[in-house]
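J.: Residue-level listing of the chains:
2 protein chains.
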Amino acid sequence: MPTISFIPSGKSVSVPAGTGLLEALRSAGFQIPTACGSKGLCGKCRVRVLSGEAPADSRQSACLGQSCIDQGWRAACVATVAGDMVIEDPGRADGKGVVLTDFVGREPRGDSGLWTMDVTLPEPSTGDQTDDASRLTAALAHSETHGTFSLSLRLLRSLPGLLRENRFQCRVVGLGDDILALERPGMVGGGIGLALDIGTTTLAAALCDLRTGAVLSVASGINPQSRHGDDVVTRTDYASLGEKELAEMQTLAIDALSGLCRQAMNAAGAKEGPLLVTAAGNTTMSHFFLGIPPDAMAVSPFIPAFRDEYIVSGREIGWSGPPPDPLVYVLPAVSAYVGGDIIAGLLAHDKTLAGGAVLFLDVGTNGEMALAVDGKILACATAAGPAFEGARIAQGMRAEPGAIARISLSHGGRLEAEVVDGAPARGLCGTGLLDAVAVLLGAGLIDQTGRLLDPDEARDADPALPADLLVRIHEGDGGTALWLVRPGEHKSAGVALSQRDIREFQLAKGAIAAGARVLLELAGIKPSGLEAVLLAGGFGNYLDPRSALAAGLIPPGVEPGRIRSVGNAALAGSRLCLLSRDERESAESLARWVEYIELSGRADFQAAFAEEMLFGRDGE
Amino acid sequence: MPTISFIPSGKSVSVPAGTGLLEALRSAGFQIPTACGSKGLCGKCRVRVLSGEAPADSRQSACLGQSCIDQGWRAACVATVAGDMVIEDPGRADGKGVVLTDFVGREPRGDSGLWTMDVTLPEPSTGDQTDDASRLTAALAHSETHGTFSLSLRLLRSLPGLLRENRFQCRVVGLGDDILALERPGMVGGGIGLALDIGTTTLAAALCDLRTGAVLSVASGINPQSRHGDDVVTRTDYASLGEKELAEMQTLAIDALSGLCRQAMNAAGAKEGPLLVTAAGNTTMSHFFLGIPPDAMAVSPFIPAFRDEYIVSGREIGWSGPPPDPLVYVLPAVSAYVGGDIIAGLLAHDKTLAGGAVLFLDVGTNGEMALAVDGKILACATAAGPAFEGARIAQGMRAEPGAIARISLSHGGRLEAEVVDGAPARGLCGTGLLDAVAVLLGAGLIDQTGRLLDPDEARDADPALPADLLVRIHEGDGGTALWLVRPGEHKSAGVALSQRDIREFQLAKGAIAAGARVLLELAGIKPSGLEAVLLAGGFGNYLDPRSALAAGLIPPGVEPGRIRSVGNAALAGSRLCLLSRDERESAESLARWVEYIELSGRADFQAAFAEEMLFGRDGE
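Chains as they are written, first to last, in our numbering: chain A, 1 to 620; chain B, 1 to 620.
These are calculated hints, taken from the structure and not from any lab test. Certain hints may be false.
Under the rule of at most 27 Å between Cα atoms (straight-line distance), these lysine-lysine pairs were calculated in the DSS-like manner [unchecked claim]:
1. 271(B) to 244(A)
2. 376(A) to 526(A)
3. 351(B) to 376(B)
4. 39(A) to 244(A)
5. 526(B) to 351(B)
6. 244(B) to 271(A)
Just a sample of chain A residues kept apart from chain B, beta carbon distances all over 10 Å, derived [said to hold, decoys possible]:
7. 10
8. 52
9. 66
10. 133
11. 352
12. 409
If you're wondering where the values come from, they're calculated on a predicted model, not measured in any experiment. Every residue, glycine too, gets a C-beta built ideally from N, C-alpha and C.
One chain only, chain A, in its complex shape:
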């Protein structure tokens, strides 16, 4: 069987000849994105073959372009394994360090609603043949602190053995009127919960102590649904093929999240699984999580099957984390494109929102935003597309080792690139893209319409233009292009930004800026009147606010000092809901309170979008 070796990780995998290369990479544990659904169109699944047999057929060159092919790149989805190969590690297999799990935010209000009670039941005799369940609920009722209880089938199954092994003593753990766990007397366990952030691209989990609120460990990974498309619409198309495909999407997410649960438990040395799981995700992710068809959200008028919070047992959705079977709380959503993740983020920052006009912006695979002002919250979503997550950008990639994350112009006029982990530069992530555009705009190499000047035009426009910039401009597969890292620099085969990439950037930033503009205009607020702009999500966390202002992603006029990154706000809010009943109720109130503005079909949005695609608009 041919063996594929990976460099520098040293991994290897053997597969039968004829196996699809994509399948082989996945079996080696690599998460490979395929934005187009493995049709040889998007090129996101490309890997660099350093040696071995890798025929470059016409599908390969049509997908990647001849210059990529010459450098050894191949689109894995249309390649098959013919013999031994050595391949450059296609990103990190575990998504580690790539997924943002840090968050800032407040501590929960109210208590968790969790209670623990040690009960000693009267031992049965022929004079007292009360059944076990009634014996237990009578003891709880006598405590006078709680109402009526019912036992789930799972707990009822465990009750007879537990009581008889422990002389009719046990510890009961409950949440409100629900009995969540029955344990041996004196067991300390049973106080663990898991907060989830289910992103389109990334998954994050925080294992928390339900009593103290402490985060015991976090785990994260790539959403394996990405094999069926980078964005929610492509995945919805796949899931709408049939029940099998929909079930597959659910299983992919649940299995990955259950795996994160195990990872987080190992890291924390936890012996028992969570009693409660809270799940914050965009509305499509929540539908997939519960196995509900999201089809009607993909077409106008964009209707979700459900929006309210939903509570199920883990068993019902195939949760396969360690026992016990948790209660699972799915956060409520506002609409098809303003989901539980946004509610979670707003919840985590509701104190800030209450302090004046505040814009909350989450640029993930979509661009969702909310504007809080005068006790109202307006929200909208824009189809920004996943450009900032590396998709649709020729050399775009996630913020993994090898990704250019920062671009700056030195005082000496040299273009300088920072690469994640100092690895050989092999692509460009969202923050690098934003910086690149901002620097080139500043240098006058991109004009107001977004056109990248050719060398002659550039020289004419500004004779003082640093030579280091001029020599980087060249003709590439996507029209005029500029080497951000020239071949040979940073041990790289070169990373370029093309005219086509700039157009993709314009579409994405134009959509987001136009959405923000519509909200501001509806609220009668000028950008300078914003008390704060909160940036949520991985891209928002790491971007350079000056670049975001320079490129017009954040409305010009906002005070740079008022722009704050808040990390993984969805995870922060998911944790709050995990820790407190009051917070869950707050999330439910927020979801009803937020006023959703549907942008599609709005003339003011269309006009703003057309303008915001351009650069250099005046803010006020």
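Since chain A is already given, all that's left is putting chain B on it; use the hints.
T.: Leaving out everything else, chain B in the frame of chain A:
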């Protein structure tokens, strides 16, 4: 591969040499009882090998006795298949005609609680992006007839497609505040329910129209759990081996009952499965049905894990009948040995119970009884054992073809046997056993202590004794015996009643009669004061009341005209619960109302038992 052929059915099955004979019989579709749990002890799994290789080793003769071996009988559980064989059909494969599904009883009080509503929802637009679930529940709330609703995950999954395929019209079927089904507008379906009687030995199902109450079809079969023992204690022993064994017991029952559901649907031409299933079973059967360990019921002080009614979704217990996933209602029990089946029976006859002192007697695998008098209901259970179902009687069998069901003495002094279906006599079922004992008592061949006289004693005792009786007495494996059917008669190899069988009968009838006596004495009622004796279950239905009185199974002194068979009362009561919410509430009240009398350890019961094992006690 050796082939086993069956006569007269003509069935055949091929299995690898070395396969256990029991396994081979089951793979041919025969339900073979094994009271001892396949340990070669009880001999209930014996089959008659007409030709072929069937070595008679020492385990065979230890189990069945040499005379049986000589006639070709083999215990299947300790036999292996060595070559081709021809075997006499071991009973009917499907249990058809063997299980009592007839019942008498009243029609339900109150309505079913079932409602149907056709709703037309406002079609969504970009101006009304309400989610599907809220759209539906708002429409139901507008109707002002119902409260708040939540949709199960299953229904939520079906909702988007259903609405969009039917222009936002649908038919909602609910039960109280539960939405049970969502259907196409105008669909008539969705009005079907299934009442179950889960017996230790037999299973019965009645498919009913939830609106009219009509019984559309019935189906029945043998409880396949019987492969792990005839009585609840043996099965509990098996299930207590581990989780796998407990799960197996649940699966055996659920799969068989789901199969009866399909059978009943086919018979009725029903397209959709039941919305609601009600399950009446003894407490152990209810535990197995839900997968709950019944262990603590098998030992003193006999504690069930639960007693109250329990409601689950079919999915939670592995129900595999046709969709939809039904709501499953398990009837409440009184104690470990007075279960939901007795509650169901009492419910079905509560009018009679209210009319004076009434004894309700269910002689199944156990003997359970209740005495209603002056607004009180006392109940008890006796470990009668399954003698009346054919177990522990040397030639005992169920009331299948070939079973002697009636024994009488003609005016001419000839012993006459009626055989089920007129087939060659091959055994003795409960009613035949009862008749035989009554006839022999009447003839003076069994004395008051239960001793079967030998021919000399008999002649001495009554010189006028018919010669036909005398010649039937012989020495058999179980001591003195009497041919009920002599070898050669009824194309039979002979069916005998032995001294040992009479002892088993005495134990069973003694336990039941003693239980009844304790209840009567506690209530201060004489047997002649009983307004009615209701006999439930298959044995109770078919027995000859005169024999029951003569043998002392029913307390002497009861007016024979007041003894009434009520058929499968558990199924009747299960149906009432299926059809009406009020009836379910009545069942729950009954379960709390019934006063359970624990007989074990009671001195009065022990004394009564010792006396009632004898024959000829005076009634008053």
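J.: Each hint should be assessed against the structure and marked as holding or not.
T.: Hint check:
1. Annotation: proposed proximity of residue 271(B) to residue 244(A) holds, straight-line Cα distance about 24 Å (limit 27 Å).
2. Distance hint between residue 376(A) and residue 526(A) is fulfilled; the C-alpha atoms sit about 16 Å from each other, no more than 27 Å.
3. For the proposed pair residue 351(B) and residue 376(B), the alpha carbon gap of about 14 Å is at most 27 Å, so the pair holds.
4. A hinted pair counts as satisfied when its Cα atoms are at most 27 Å apart, and residue 39(A) with residue 244(A) qualifies at roughly 20 Å.
5. Distance check on the hinted pair: residue 526(B) and residue 351(B) sit about 21 Å apart at the alpha-carbon level, within 27 Å; holds.
6. A distance of roughly 23 Å separates the Cα atoms of residue 244(B) and residue 271(A); the hinted pair therefore holds under the 27 Å criterion.
7. With a cut of 10 Å on Cβ distances, residue 10(A) stays outside the contact zone with chain B, its closest approach being about 42 Å.
8. Distance check for residue 52(A) against chain B: the nearest CB is about 46 Å away, which clears 10 Å, and the non-interface claim stands.
9. Every beta carbon of chain B lies more than 10 Å from that of residue 66(A), the smallest distance being close to 45 Å; the non-interface claim holds.
10. A beta-carbon of chain B comes within 10 Å of the beta-carbon of residue 133(A); the shortest separation is about 4 Å.
11. Consistency note on residue 352(A): stated as away from chain B, and its beta-carbon is indeed over 10 Å from all of that chain's, at 28 Å minimum.
12. At roughly 45 Å from the closest C-beta of chain B, the C-beta of residue 409(A) stays outside 10 Å, upholding its exclusion from the interface.
Consistency with the previously given hints fails for number 10 only.
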